[in-house]
Amino acid sequence: MTEQTATRTTVRKSPTRRTRWWGEVGWKYPVAAVIIFYSIFPLVYVFSASLSDTGTLSSAGSLFSSLSTANYEALGDTKYWTWVANTLIVGIASSFGAVLMGAAAAYAFSRFRFKGRRPGLTALLIIQMFPQTVAFISVFLLLTALGNVAPALGINSKLALICVYLGGALGANTFLMYGFFNSIPTEIDEAAKIDGATHAQIYWRLIMPLVTPILAVVGLLAFISAFGDFILAKIVLVSDDQWTLAVGMYQWVSNQLSANWGLFAAGAVIAAIPVLILFLSLQKYIVGGLSAGSVKG
Amino acid sequence: MTVETGAPRQDPQQPGSQRAESHARSWRGLGWGFIAKLLLMALVNALGLSIILSAINAEAWGILAASTALLVIADVVYFMKRTLPLKYIYPGLVFLAVFQVFTLAYTGYVAFTNYGTGHAGSMEQAVDAAMIQDERRVEDSPSYPLAIVQNGDELGFAIVDEEGFVEVGTAEDPLEPVDGGAVGENGAPSEVPGWEIVSRAQLFSDPDLQQDVIDIRVPVSDDAEDGSLRTRDGSTAAIYTSSLEWDPEAQTLTDTETGVVYEASDTGNFVAEDGSQLPTGWVVTVGFDNFVRAVTDTTLSGPLLKVTLWTFAFAILTVLTSFGLGLLFAIIYNDPRIRARRTLRTLFILPYAFPAFMSALLWRGMFNREFGIINDWFFFGADINWLGDPWLAKFAVLWVNLWLSYPYWFLVCTGALQALPGETMEAAKVDGAGRWRQFRSITLPMLMVSTAPLAIASFAFNFNNFTIIYMLTEGGPPFPGTSGLGSTDILISAIYNISGVAGGTADYGLASALSIVVFVVVGVISAIAFRQTRKLEEI
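As given, the protein sequences belong to chains A and B, one line each in that order.
With my numbering applied, the first sequence corresponds to residues 1 to 297, in that order.
With my numbering applied, the second sequence corresponds to residues 1 to 539, in that order.
Excised from the complex, chain B in its bound form (with noise of 0.2 Å):
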């Protein structure tokens, strides 16, 4: 559901209406707003009985149900005259609710859930999932002569069946005769209606073509049980079928040629009473599982704790590095008896107007091993692995940070220097402070007021920034071991990399009971700073 310029548009562009009798002694009918903001909800009222139809069509009903109260809501809201703060905040309260309150309450949701590869989906889905991987040829089955078909992206198989009816089937559509269909001298079918039959020679000149075929499988009918037609070389398909047997009342998979029952099991899979299990489970909730795991699992919890602990550090080092340059240097050229500060000023800064992750990947290819300028320039072409070794890593990411964040201390603390009231400084040098004692105890105290929250912040921030890491190091040089984290890793880069929305071995769960505990942690600094800004505010 877009609403996104639902805000009541009933701005009529009536020339010279400010000039005009007021809206009480001339009514001019219900005028250009109203019928704006007809065309408006008309649209969005368009828009989303699309989505609905979709939802059912799709059979998506979490969706369906989500979609409609939002519209309905918003037609009430736009329809009443009582509604009116509304009006303006829901657009912006839809876009809020769907995108970061669910998605909140989602990860909360899926941290207690063994949701990840293998866990994907229903239990009939995993039934469905765990028959199909079992599917084998049926012995002395007859096998038919094939024609691969394609319809743009869509790749199918049609087959001559035992009456000599063309059928053609894909991957989501099971099998059904077609007419107008003909055969071709080698028993295959040579012309299939709305569909465009793949030729051999185009078939043995594209491997990922050939990959595609034999990775497809063609249902015979709706129930995954009548088995699918495979191919092994293009020519000819056999129907395969799987020797699992579900019994949906006593909830196990039965395999009906060595009589090993698998009794679905609370972990979401499918056991065998010999411990074996079936490879494909769907989602249960497992309680704290997840959060028991990343501490106790031997190979995640070593790198875990070394992850959460660099975080820490990573944050906290690179506020303290970047605050105290920022401030040394604004301190320094606060000075009125410098020529040309503006000038200075706007060089010092020009690293925080380039864009961080630019500045990251720059860096990455500054500090290469082989043709890096870093060993060129400043080490006399030496072959220093800045980037290969766990601690040159990290400082490497800690010296980016801080080439990349102190000018933006810099330039705070420039403003609240020039903030601070010259008096007190005066009256200190007249009671005969040193340089050092007026830093100490009137300038520093002062300069922290106005700064810490912004230092909080910071901190905030760089606990999950996960585009300096991830862009200069990727999280590298790996741990020994299979976590597949590494020496610069920060929770967030090791979220990323154990959820696999990139790729590889999916644990959503784990990945989110991660980001539940970084949630905790933003969220308790998050209360100390709102604290912090609030005690301020009284002063």
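Next up, chain A with everything else stripped away, as it sits in the complex (with noise of 0.2 Å):
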């Protein structure tokens, strides 16, 4: 008897405590079905079309119905592996300045206090929120008169990219950095001035190690945007050898879409793995970050 009314509590209990759970948390289940179908099927379908061996647009639309490397091989016969090159280049070199510049200001700002240090930073503050993108214009003129002069600073060449982009790296930089040196106590550096330390020594051998996880953000920020600039890429930037991948792939895709497509999949695929392993492994820092972000704005 005991026995039969437990059994038939637990009938009569678990569908009402089923329909609660599938009101409050299983249908939850086919929705996330649903988002990440949408977030994903054209990450899908671009490694598919990677991997299809005819390489054009009306091929691919059949998902793994071939899988070849050809594509892939293809990519040696044009300037793709320039393009990475120089898209390191220039994203390497202008994150190593960023840092270096928005560090080296940021230092002065945070402990020298000097006429204008104010002044300074109000005027920094205001001038980073006028983008860089919008005087396109003048860049281009700038540089057009740079390389009359030096050839090396003119157009069509990556160093006056890379100089171009150093333009935007205290404005945007020093203010998150100035935050962080300040957190920094002073007393570190009274005592090893106390002990005969130089500024200098302060600065390399004391300061900047202890700051180290902001340079690392620096960095990435800077080099992120130099590898997703399009604009000022696509003018300075004239020939095909000197091309980043963005300026690059957007030439597959603008002239002959569908014969190029297989090669801006495969492209695509190279130059996003990396991409998207640093940003899944270091993806409780971003998580983080976007929120101090959102405290301090």
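Please keep in mind that the hints were generated in silico from the structure rather than gathered at the bench.
One or more of the hints may lead you astray.
From the structure, some residues in chain B lie toward chain A, with a derived Cβ separation under 8 Å [as the list claims (entries may be wrong)]:
(1) 54
(2) 95
(3) 103
(4) 197
(5) 331
(6) 333
(7) 344
(8) 346
(9) 368
(10) 479
(11) 481
(12) 512
Derived list of chain A stretches under chain B, where covered just means 3 residues or more per stretch with a C-beta under 8 Å from a C-beta of chain B [unchecked claim]:
(13) 26 to 37
(14) 179 to 190
Backbone N, C-alpha and C define an ideal beta-carbon position, used for all residues, glycine too.
Combine both chains into one complex, guided by the hints.
In structure tokens, the structure reads:
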């Protein structure tokens, strides 16, 4: 008897519990499947297209109908790897420069008290509100003029593009770093100063190791913005052996979209995989950084 | 001037310097740091001087003044004791001044000029250009046997003058006699020292070269009025001169054949009495003309108004849709009862990890009318012209931007939701607030505190999101008419088209004027965001 009532109660209870579960939690799984489909099908599609053997847009429609590395091999006959190298050169150089110059400026603003410090900080704050990309016409005219004097700084030079990116380095990064530098207690500097360290020794030996996390963040941000920039790179880099990935791959898709589709897909997969891995492995920090950013603005 | 690593590296790589006695007790001379600094400054000075010298050569006075000033300041800063803070700020400051502050200011200047195709230089350059364009072959003038010569990429003409000397010149350098030239059987130079003669066969087989040869003009002397050598057939050259005569006193160009006098006008053109004008002009300031033209010019004002409205709509709708979707997903999946939340979250944010410009290109292929998978998979192969129809293209742009930016908002909102104080929610629940009430009165306001500044920043970013627009639709489909703009153009891509930096007719003045408008909008938005953050910090 007791056994029977027990089973009866469970039988009676479980449908209500299940509907409640479905109402509150269960429905979220099918919805999640829809969201995942939305977010992933383009990525699956581009992966499948990169493995198609003909490499045209028309043949890419059916998923994984063929698995060939023809498109990846064909990349070797194009300028793709030159573009990858250019992107890396421009990205690494500009992120390195941004870190060096931003950190030095932040150190000065954080540690020294000098005339014009507050106006300087305010001026930086105002300047960084105006995006450099909108001034691309002047950038173009300036580089044309500079190119007549020093071709290495003119149109179609990677060095010129790096310099243009570095122009935005101080405005964008000094504040981010300034806050972080301020969080390092000045007692450390003072102790070192009493021990006879010069300002340069304090900067390179003491402060820089302590602020490594923010240096990494700024370097990464500068790299990503150089990697993703299109308008300035397109204006500055003219010939196809100077292009970055963004300009080169745009050119593939914009002339002959259908014929170059396999090349584009393979190139996109190669370029995106390191980014994806980096992003997913740093996900924790990026999420933390986003919410920290949301507090600081 | 690149002072990229100009920060003083007085970091002496002395082993164990930290363990050693303090500097006060053991002074070791100037040290490695000083030597490193000296070497670095020597390098900077060498670079700076070479730029200064080539600026003098190129007669680029602005660059000369700027680079001299920057170099002198650099030396002062790094060799004086009192300028300590500047030692750290200066390198970044140089780049900021040249590539940001100057370009912003210069945009402001260009916006008030007529700089562009047909108005590209000074008045003297315009006079020279007008004469060159007007050049015609002098009647009954002798023709010279010609050899096309080449030196690397440079193309030149070699002729035999009346006295039998070989002369050579290029588009930049006027004709000069050369020593050691030889004349061949056909009367043309057969050997020119320092130059390689282009054979007839080579010329006939290369259409690009032929065009270059026909386009090139080799000045007879430094004076543009002496005319220049040109060729029609590649084997003989003749002197072409201009019928225009320049009077520097009166600032007029007179056509000696027709007698028409072209006068220099305020608008930077040579205008005749009957209103006709020469195609070349020069740069003058035109006041607010560019701004006025953007509003009144009938071919431009309509499209520009549409573009402006769409820019705002695009930026606002992008923020609203992606914020909304991200927030919705964040609320749904911020639920401890759901299993595998981490995996789900990772899969949700994958579009954000895919580089944005590639996403736009990828979707461009997927929206393709004939072969794209959007039509194939979801519309049963229907023939929908996604990127060719004004409204569908707008929808596609928003859709793609939603796809690649909702994960950002999902991440931000998840973080913000997890940071919400649990007690407040509990209290609301105890007080009997329903789920909707909890969301509207507690969750959303508290969420807005931390996300509103990000929303404003995202608006400002999307306001200038050239990459998405240009990579996906290139601004198309085009508006009817000759404006060159299209239905999905936002202000910055319209500026790009108008400016002509990518080729075509350039109108730097008008484009810069529109840039100023964008600056004003972005500046106002940033100011609002800045005040907002301050207000929030007070909370």
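Cross-check of the supplied hints:
1. 54: Holds. Min distance 5 Å.
2. 95: Since chain A brings a Cβ to about 4 Å from residue 95/B, closer than 8 Å, the hint holds.
3. 103: holds (4 Å)
4. 197: Since chain A brings no Cβ nearer than about 28 Å to residue 197/B, farther than 8 Å, the hint is violated.
5. 331: violated (11 Å)
6. 333: Check passed: Cβ of residue 333/B comes within 7 Å of chain A, closer than 8 Å.
7. 344: Status holds, d = 5 Å.
8. 346: holds (6 Å)
9. 368: Given a least distance of 6 Å, the restraint on residue 368/B holds.
10. 479: violated (20 Å)
11. 481: Check failed: Cβ of residue 481/B comes no nearer than 23 Å to chain A, outside 8 Å.
12. 512: holds (6 Å)
13. 26 to 37: Holds: 6 residues of the region 26 to 37 of chain A have a Cβ under 8 Å from chain B.
14. 179 to 190: Our answer is that it is violated, as 0 residues pass the Cβ test (under 8 Å) against chain B, missing three.
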